[in-house]
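Participant: Can you build the whole structure from these sequences, using the hints too?
There are 2 protein chains.
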Amino acid sequence: MTQNNDSSKEVSSGVVNSDSLAAASTTNASTTAALNTMKHDVKFNRDIMPAQTAQALVLERVMCGSTERVPLEQAYGRHLAEEAVTNRPVPHFRRSIMDGYAVIAKDTSTADASNPVILQVIGEVPCGAVWSGELRQGQAIRIMTGAQLPEGADAVVRLEWTTTVERAVNSGPQSGQMIAVHQAVRSGEAIHGIGSEMQAGEVLVQKGQRIGAGEMGLLAMFGYANVHVYRRPQVAILSTGQELLSIEEELTPGKIYNSNSYILLAQLESAGAMPHLLPHIPDDITTLRERLDEALERYDLVITTGGVSVGDHDLLYDYTNNWAGELLFNKVKMRPGSPTTVGFRHGKPLFALSGNPAACYVGFELFVRPTLLRMQGVAEPLPKPILARLTEAYRVRDTFDRYVRAVLTITAEGQAEVRPTKADISSATVSIRDANCLFLSPASEEGMEAGTLVHVFPLREL
Amino acid sequence: MTQNNDSSKEVSSGVVNSDSLAAASTTNASTTAALNTMKHDVKFNRDIMPAQTAQALVLERVMCGSTERVPLEQAYGRHLAEEAVTNRPVPHFRRSIMDGYAVIAKDTSTADASNPVILQVIGEVPCGAVWSGELRQGQAIRIMTGAQLPEGADAVVRLEWTTTVERAVNSGPQSGQMIAVHQAVRSGEAIHGIGSEMQAGEVLVQKGQRIGAGEMGLLAMFGYANVHVYRRPQVAILSTGQELLSIEEELTPGKIYNSNSYILLAQLESAGAMPHLLPHIPDDITTLRERLDEALERYDLVITTGGVSVGDHDLLYDYTNNWAGELLFNKVKMRPGSPTTVGFRHGKPLFALSGNPAACYVGFELFVRPTLLRMQGVAEPLPKPILARLTEAYRVRDTFDRYVRAVLTITAEGQAEVRPTKADISSATVSIRDANCLFLSPASEEGMEAGTLVHVFPLREL
Chain U
1 MTQNNDSSKE VSSGVVNSDS LAAASTTNAS TTAALNTMKH DVKFNRDIMP
51 AQTAQALVLE RVMCGSTERV PLEQAYGRHL AEEAVTNRPV PHFRRSIMDG
101 YAVIAKDTST ADASNPVILQ VIGEVPCGAV WSGELRQGQA IRIMTGAQLP
151 EGADAVVRLE WTTTVERAVN SGPQSGQMIA VHQAVRSGEA IHGIGSEMQA
201 GEVLVQKGQR IGAGEMGLLA MFGYANVHVY RRPQVAILST GQELLSIEEE
251 LTPGKIYNSN SYILLAQLES AGAMPHLLPH IPDDITTLRE RLDEALERYD
301 LVITTGGVSV GDHDLLYDYT NNWAGELLFN KVKMRPGSPT TVGFRHGKPL
351 FALSGNPAAC YVGFELFVRP TLLRMQGVAE PLPKPILARL TEAYRVRDTF
401 DRYVRAVLTI TAEGQAEVRP TKADISSATV SIRDANCLFL SPASEEGMEA
451 GTLVHVFPLR EL
Chain Z
1 MTQNNDSSKE VSSGVVNSDS LAAASTTNAS TTAALNTMKH DVKFNRDIMP
51 AQTAQALVLE RVMCGSTERV PLEQAYGRHL AEEAVTNRPV PHFRRSIMDG
101 YAVIAKDTST ADASNPVILQ VIGEVPCGAV WSGELRQGQA IRIMTGAQLP
151 EGADAVVRLE WTTTVERAVN SGPQSGQMIA VHQAVRSGEA IHGIGSEMQA
201 GEVLVQKGQR IGAGEMGLLA MFGYANVHVY RRPQVAILST GQELLSIEEE
251 LTPGKIYNSN SYILLAQLES AGAMPHLLPH IPDDITTLRE RLDEALERYD
301 LVITTGGVSV GDHDLLYDYT NNWAGELLFN KVKMRPGSPT TVGFRHGKPL
351 FALSGNPAAC YVGFELFVRP TLLRMQGVAE PLPKPILARL TEAYRVRDTF
401 DRYVRAVLTI TAEGQAEVRP TKADISSATV SIRDANCLFL SPASEEGMEA
451 GTLVHVFPLR EL
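First to last, the sequence lines map onto chains U and Z. Counting from 1, one number per residue, gives the positions in the first sequence under full-length UniProt numbering. Counting from 1, one number per residue, gives the positions in the second sequence under full-length UniProt numbering.
Fair warning: there could be bad hints in the mix.
DSSO-like, lysine-lysine: derived pairs with alpha carbons at most 30 angstroms apart [unchecked claim]:
(1) Z/384 to Z/422
(2) Z/348 to Z/207
(3) U/422 to U/384
(4) Z/422 to U/384
(5) Z/384 to U/384
(6) U/384 to U/348
(7) Z/422 to U/207
(8) Z/384 to U/422
(9) Z/384 to Z/348
(10) Z/207 to Z/384
(11) U/422 to U/207
(12) U/207 to U/384
(13) Z/207 to U/422
Derived from the structure by calculation, the hints contain no laboratory data.
Facilitator: See below:
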């Protein structure tokens, strides 16, 4: 009974009549999205809470989850549960940055194209090798890019600035090949000194940081063969709604397939969680209570969809009004998803999202994703808005803030622009497919002109 | 010997001297990045190819990979190998979008607040249920959001526009409860008609499209319990370079840990591939030949790092000059990564990337990622540039195009801005960690002023 609950209030563009249900329930509410005002919803006995207040209320209760040790090879996409620090300078030896000859710079001071300096080549240092002796005046050692500079040498002459000299006389076993150096080099030429790239004690990866390509490379550079990461939160997905069929079943009249659970599954994967699709719950408070109690024992976090709106079968409302948990809120001053409900039971969060796919999706982005990121050690898990200009007027009058599914693009002039997806003419789920961001349309009597700078939240499910 | 090969040519900002090695090898080359010019590199006997030409040359040889059938539950992040189409309209029945009463609109035509219309309630349709009879004049049926409209009804009066009427007289078993309707509704009010959201035959997900949250939801909506997806490409990573240690080993003088393989591992995961870290190859052409031949038999794609530059141990150069395969190019007019080498053997691509971490990273993004996406059915796998303004002058004179690791941000005015990461003062791998894009600095005598609009390629490894 809730699969399409506030979809009618969700038209994304064009002139729309004020939503009379919403208006009726918030007649005393200011139209500005004041952060700390909470209005009492007389008709349905729910406190209305601005979305940002609600987000803060959730996050202040979320703790970092437990950790585990994994091989670096398996750490991609995980969040580091320790601070990784450089345990030595980089490079940790004087490193040649050219193929050429290690020399004493002073020996080359008079060299130029017409008057080359002749040096005796006493050997070769490949990469990974260490020259055991010491370079003396008049000598050079062939050296490869990345190899350790021999003792005594203080510069590298690149190969292109040298030529090989035919030895006129074989002057005994001590003498090697001779080279002519055609350009003077300064001390330090073509060398990376110890610590020139990084000093010991620098932070490589912060605690809570997601391990991407750069982080993987840095951890490998310093020999972190195993790393401490946060465990992936185990999340149960439970759907309610008598009209829902599982996708294995045959479609029958009046029924629809459960798509919300699959949208959530994708969002959970992208947030680093391990989703568990549990069997659908029938519209029966006893079964729901049993199943939810069990899920809240067993998983780190539980999401339900449906059963939150004001109707005859608002099961989640009944459940959270009579449970061994704390209800944080069950009405948020936003659309879609105003009946979004969040509570905690023995420290485990329960997110009761709307049955409407768009509201379910937005509820996840605003509340569940930040919670999952915090559980994985992220210090600032709330999505950060960027600013972009509306390509068209957005004339939706609403006493609630609206999070509008939209497309963010950059123009040929480098200007960030945003336009709503066409949710008014197609399925809400199509607009989830087509959106790459949400923009915030604050509660307003007039809507917004084309060109208005709006707050845009890029979607992180990609 | 190659771990840091063109790193010295990779300074990312500030005034830099023309690179004399590059200049020497391209004296005949135009400084404009003409798409179809290929210059002969006399000194090292390699053809120099513009990066875009090289990309096109690779992609025209790449075929879509094989496919497999997976449950939708496991399809997140995979690429669909079939076109998914709506097999029925949405909704497939007339659906109420409100909690209220199904009515015949004409019955309400005179209703207003002072003169309500009284209707007889003959029953209730919960979600998922179908009313078996037909609604007649003067009757109403209680209906839930999302439920199927009974035959005969053509509108829904929302609950808030009705009140319950106390029955004065019990007029027998046929009469149900009475309601007063306080507002007239038009035919179609609060109903989603059949096909009003989607028509049968619309494309839900295109062939080759990555399955994200919206795609998952749409596939579920239409009962795609199992989907055809492209197999994840199996990719071998082989590193060369005598200086490299595996991260399990103890660090010894002159050696460094192999970090490139881990950077590649992250990039491969993010591109949907299955990485296989194979044992390091010593600087020995016979072993390398054996190992590479075997890897090219066994895996869908092979990546090597190191051994591509012009030095004493350019193993990959030797390998690809004497193999049962086709060498596409071994010198690209770009930095970092000019010695990037690509060939095909029995249809399997070999990417011989530079040993320098930055060059290896960029080589992957420009050549390997598009190849992997094409193997997974993506029609246009090349990264699409957006335009952003340089926040600072970029004064690097170079006869080669440069792909500069950088940070893209949006200002408070909605302007896209880009600044190079500080690769000149820290490790290349730090700049991979810090970058969220590459920008293209075309071959130039002067570099670019602050405020110049540049082509930016957002990094898709996130």
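Participant: Determine which of the earlier numbered hints do not hold for this structure and return their numbers in increasing order.
Facilitator: Of the numbered hints given earlier, the structure breaks just one, which is hint 11.
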